[in-house]
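The residues making up each chain are set out below.
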Amino acid sequence: MSSTTTQSTYQPKTNVGKITNYVDSRVGGSGIVKEFGRKIFPDHWTFMFGEVALYSFVILLLSGTFLTFFFDPSMAETHYEGSYIPLRGVEMSEAYATALNISFDVRGGLFMRQVHHWSALLFVAAVSVHMLRVFFTGAFRRPRELNWVVGCVLLILAMAAGFTGYSLPDDLLSGNGLRIIDGVIKAVPVVGTYISFFLFGGEFPGTVVIPRLYVLHILLIPAIILLMIVIHLFMVVTHKHTQFPGPGRTNDNVVGFPVGPVYAAKAGGFFFIVFGIIAAISAAFTINPIWNYGPYDPSPVSAGTQPDWYIGWVDGALRLMPGWIAGIPLEWNIPMPWGVNTLSLNVLLPALVPAGIVFTLMFAWPWIESWLTKDKREHHLLDRPRNAPFRTAVGVSGVVFYCVMWAAASSDLIATHFFVSLNDVTYWLRVLFFVGPIIGFMVAQRIALALQRKDREIALHGRETGRIVRLPHGEFIEVHEPLDEYKRYNLVNYESHSVLPAEADVNGHVTRTEKARGRLSRFFFEDRVAPVTPAELEAAHSHGHHDAIAEQHDKAAVSK
Amino acid sequence: MADHSHGSPESTGVVARPGQGDVQKFQNPGLPPHRPRLADRDPRAEKRAERQVAILFLVSIIGTVLFFVGYFLIPLDETIETLRLQNLTLGLGTAFAMLGIGVGIVHWAKTLMPDHEVSEDRHEIRTEADRADAEKIINDIVEETGIKRRPLIRNTLLGAMLLAPLPAVFIFRDLGPLPGDALRHTYWDAGTRLARDPSGTPIKASDVTIGSAFHVIPEGLSDSEHYLEEKAKAVVLLMRLNPDSLNPSPGREDWGYQGIVAYSKICTHVGCPVALYEQQTHHLLCPCHQSTFDLTQECKVIFGPATRPLPQLPIAVDDEGYLIATSDFQEPVGPSFWERG
Ligand code: FES
Chain A
1 MSSTTTQSTY
11 QPKTNVGKIT
21 NYVDSRVGGS
31 GIVKEFGRKI
41 FPDHWTFMFG
51 EVALYSFVIL
61 LLSGTFLTFF
71 FDPSMAETHY
81 EGSYIPLRGV
91 EMSEAYATAL
101 NISFDVRGGL
111 FMRQVHHWSA
121 LLFVAAVSVH
131 MLRVFFTGAF
141 RRPRELNWVV
151 GCVLLILAMA
161 AGFTGYSLPD
171 DLLSGNGLRI
181 IDGVIKAVPV
191 VGTYISFFLF
201 GGEFPGTVVI
211 PRLYVLHILL
221 IPAIILLMIV
231 IHLFMVVTHK
241 HTQFPGPGRT
251 NDNVVGFPVG
261 PVYAAKAGGF
271 FFIVFGIIAA
281 ISAAFTINPI
291 WNYGPYDPSP
301 VSAGTQPDWY
311 IGWVDGALRL
321 MPGWIAGIPL
331 EWNIPMPWGV
341 NTLSLNVLLP
351 ALVPAGIVFT
361 LMFAWPWIES
371 WLTKDKREHH
381 LLDRPRNAPF
391 RTAVGVSGVV
401 FYCVMWAAAS
411 SDLIATHFFV
421 SLNDVTYWLR
431 VLFFVGPIIG
441 FMVAQRIALA
451 LQRKDREIAL
461 HGRETGRIVR
471 LPHGEFIEVH
481 EPLDEYKRYN
491 LVNYESHSVL
501 PAEADVNGHV
511 TRTEKARGRL
521 SRFFFEDRVA
531 PVTPAELEAA
541 HSHGHHDAIA
551 EQHDKAAVSK
Chain B
1 MADHSHGSPE
11 STGVVARPGQ
21 GDVQKFQNPG
31 LPPHRPRLAD
41 RDPRAEKRAE
51 RQVAILFLVS
61 IIGTVLFFVG
71 YFLIPLDETI
81 ETLRLQNLTL
91 GLGTAFAMLG
101 IGVGIVHWAK
111 TLMPDHEVSE
121 DRHEIRTEAD
131 RADAEKIIND
141 IVEETGIKRR
151 PLIRNTLLGA
161 MLLAPLPAVF
171 IFRDLGPLPG
181 DALRHTYWDA
191 GTRLARDPSG
201 TPIKASDVTI
211 GSAFHVIPEG
221 LSDSEHYLEE
231 KAKAVVLLMR
241 LNPDSLNPSP
251 GREDWGYQGI
261 VAYSKICTHV
271 GCPVALYEQQ
281 THHLLCPCHQ
291 STFDLTQECK
301 VIFGPATRPL
311 PQLPIAVDDE
321 GYLIATSDFQ
331 EPVGPSFWER
341 G
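Protein chains in written order, with my numbering: chain A, 1 to 560; chain B, 1 to 341.
Worth flagging that the hints you see were computed from the coordinates, not collected in a lab. All residues carry an ideal CB built from backbone N, CA and C; glycine is no exception. One should not assume that every hint holds.
[Unchecked claim] Quick list of in silico lysine-lysine cross-link-like pairs, PhoX-like style, CA-CA up to 20 Å:
id	chain 1	residue 1	chain 2	residue 2
1	B	K25	A	K487
2	A	K39	A	K240
3	B	K148	B	K136
4	A	K240	A	K454
5	A	K18	A	K39
6	A	K454	B	K136
7	A	K240	A	K487
8	A	K487	A	K454
9	A	K39	B	K110
[Claimed, not checked] Derived coverage of chain A by chain B (criterion: at least 3 residues anywhere in the stretch with Cβ under 8 Å from a Cβ of chain B; other residues may be distant):
id	region
10	104-114
11	175-187
12	234-244
13	267-278
14	315-328
15	420-428
Chain A extracted, bound-state conformation:
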């Protein structure tokens, strides 16, 4: 407020100086440069997935804008007159005809279509992998819980953007995809039929759904995605980036490269690399050759067709669900005072329950974890996945759950590829749907604990060198080379949660949720490997005898 009274007396000498001064004295650019010019960003290869997501979104905007200039999202009937001879004279919608024109009659049009489709696949993949990185390293913990939620919203939006786009060319495949959606919507109790009629402007397929999806796809969804990205990045700046623990890195600092020049150069250069890779893939690999499918027709369908990968898991869930269980149908006709209503659990359950579980746990995880561990502190240092075995196990369990459904979406391809019966594949996947996540949990937890034990071993006794020497009294031992302080610090510098039994609240009362928390805490943290302490290291060094110590430490560290 007081700054309005101060008048700068600075006189720039060069032309550039004059221009920058003109702008700066009006919008305050100096402050921005001061704040961001040398801001520190930590560097690690896993931090790059978020960048890939951002860049593929930019490429989607660029290639998508190009496509809109040539695409007409209309379902009006027309006869194809373009260059692709096999379809000449065929009746089809304007949408399909213009999508064909983009491919065959606009130079570079096919390339842009492929760039758009490939970057859409990459976008959802990058968002997913980025979220896995954030999850497995615990980057979602306080103060970043809300940014995690924004990320979850972005994942859903990315899938919505992909799906609305997939339907636009109005070819046979996309029409069948829409029909499945229509069938699922109709299964929704009470309002399903109405939603279907409103979405399609009457009966499926109607003449309005593609223009409507188009508006969602090119305007509404990208606008919300953009808004969410802005919020997301704004929070990244507010929080400053997390970093992996290591020598010199603490919870109170950020170690890395300054934005100018190194980080900006690397990140900026990386945009071109992502673009280049997408261009190379689009040059070499055909995606969605719509001319092979023909216009939408409700009668034909081809076997072995696949939805885009990110929709696969929902489609797979639909496949896994049996229509009958032990002679009991899963579709019920319920008598009501006004007539009989139909509840299609065989469609509703697989469409809603797995996605519901995955997304609910995903959104709520930061709070579930802090409730479980009673850890409400700020965390700016990441966990190595092995150092948080419980979280890693939960994550792997979720990934297995997802992958089983994803595999189910290709059950027919699995069957034909490996010459097994399709029904058997489905039965096995049904079993895996329930058992897989449990096995995944146990295996991941054991592996994480084993890796921690190995780290302990190395921290205490050094690296195995493979050199065997013979001691004067005849014994053979392998020489262990001690670690330098920096390497050792990498292995010993972590926190390991231990069991927190249920505690009484202020009134001396142990609530039921607290009891449940205590039990879960026991379940998750009973097996733990404590980090090496300086005292232990000293003990390991002063006692010569390797085996005795190792044994002793295993007992101390792995409290059962």
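Position chain B with the ligand relative to chain A; hints supplied.
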């Protein structure tokens, strides 16, 4: 702030020794010593890196030229081969143009720009003083509006705000018509001839040999105003089996004709066309989620996520020997919906 890494390549600087200070936790040894890169020490390596970056930028320029070669010199001549070739050239041109710049810049940053890691302090996300100020401002604002003291204003405002968005919801009412009984009827009617899909030529009972299958639409469908919508409900599969292998339930004995039966092609799961007929087993298979229907048991579901059998279209033969429907489907075809009953 910017505390550059300490130590030198020869000595490691500050370290934590076991047992020193805290016995529970190791002390942070600080940033490892900075190791100079080849290009930092050897001017020849520096020159080499410089040349490499320049070559990468040249690759980008060549890529852009390649793009124009593909754009102007490869004419699109209605064959898919030239299209592929052009796509490949444009794509590779763009890829080189982009990768040249990208890899060049990153290489430049990695070999020639300073590679000292720098440490910066984190700041509190909000300071206690700010929090107190903000709280006071908000309290003052709320106080000045007097909303707490004037419940009449507060309650009427709440009511108004709750109601005001309703028009924004209801204005979407005209997105589509109400369902009515549209889902209960199809284009079929008593006497409609069964015709081939997509040609529309009617089918004689004598054309249907044992073991054969036809994709069927109602005759005259192409004259319909809502061709696709009607077709989406009316498509039928026609098959002829040995009459002994059919087991019609009471009341449905005369829905077929000498072993010829017609079933809706729309899957009762979520509506894909049930396109695959396995002649040997008399199974119909939906390719979308593999629901399997057994023709010999009136298309009962024997595997997969569907629950209801495919609806059967009652058929007969007219005076000229053509197959006709004797009525519309007797139940709604396709996926279930709430009002289906
Ligand atoms: S639509 Fe036929 S099995 Fe799902």
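Verification of the hints:
Distance restraint check for B/K25 and A/K487: the Cα-Cα separation of roughly 15 Å lies within the 20 Å cut-off, and the hinted pair is therefore satisfied. Taking the CA atoms of A/K39 and A/K240, the gap is near 9 Å; set against the 20 Å cutoff, the hint holds. The suggested pairing of B/K148 with B/K136 holds, with an alpha-carbon distance near 16 Å, which does not exceed 20 Å. Restraint check: the Cα-Cα separation between A/K240 and A/K454 comes to about 32 Å, which exceeds 20 Å; the hinted pair is violated.
A threshold of 20 Å between alpha carbons decides the hint, and for A/K18 with A/K39 the separation of about 26 Å lies outside it, so the pair is violated. Restraint check for A/K454 and B/K136: not satisfied, since their Cα atoms lie roughly 54 Å apart, outside the 20 Å limit. Simply put, A/K240 and A/K487 have alpha-carbon atoms about 26 Å apart, too far for the 20 Å limit, and the pair is violated. Between A/K487 and A/K454, the direct Cα distance comes to roughly 14 Å. Compliance with the 20 Å bound is thereby established for this hinted pair.
At most 20 Å may separate the alpha-carbon atoms for a hinted pair to count; A/K39 and B/K110 meet this at roughly 18 Å. Here's how the region 104-114 of chain A fares: 7 of its residues keep a CB closer than 8 Å to some CB of chain B, so the rule of at least three is met and the hint holds. Interface restraint, the region 175-187 of chain A with chain B: holds (8 residues with C-beta to C-beta distance below 8 Å; minimum three). Counting residues of the region 234-244 of chain A whose C-beta sits closer than 8 Å to any C-beta of chain B gives 3, which meets the bar of three, so the coverage hint holds.
Check result for the region 267-278 of chain A against chain B: holds, 10 residues qualifying (beta carbon to beta carbon below 8 Å, three or more required). Residues of the region 315-328 of chain A lying with their CB closer than 8 Å to a CB of chain B number 8, which satisfies the three-residue condition for coverage. Closer than 8 Å: that is the beta-carbon criterion, and the region 420-428 of chain A has 3 residues meeting it against chain B, so the requirement of 3 holds.
The earlier numbered hints that this structure contradicts are 4, 5, 6, 7.
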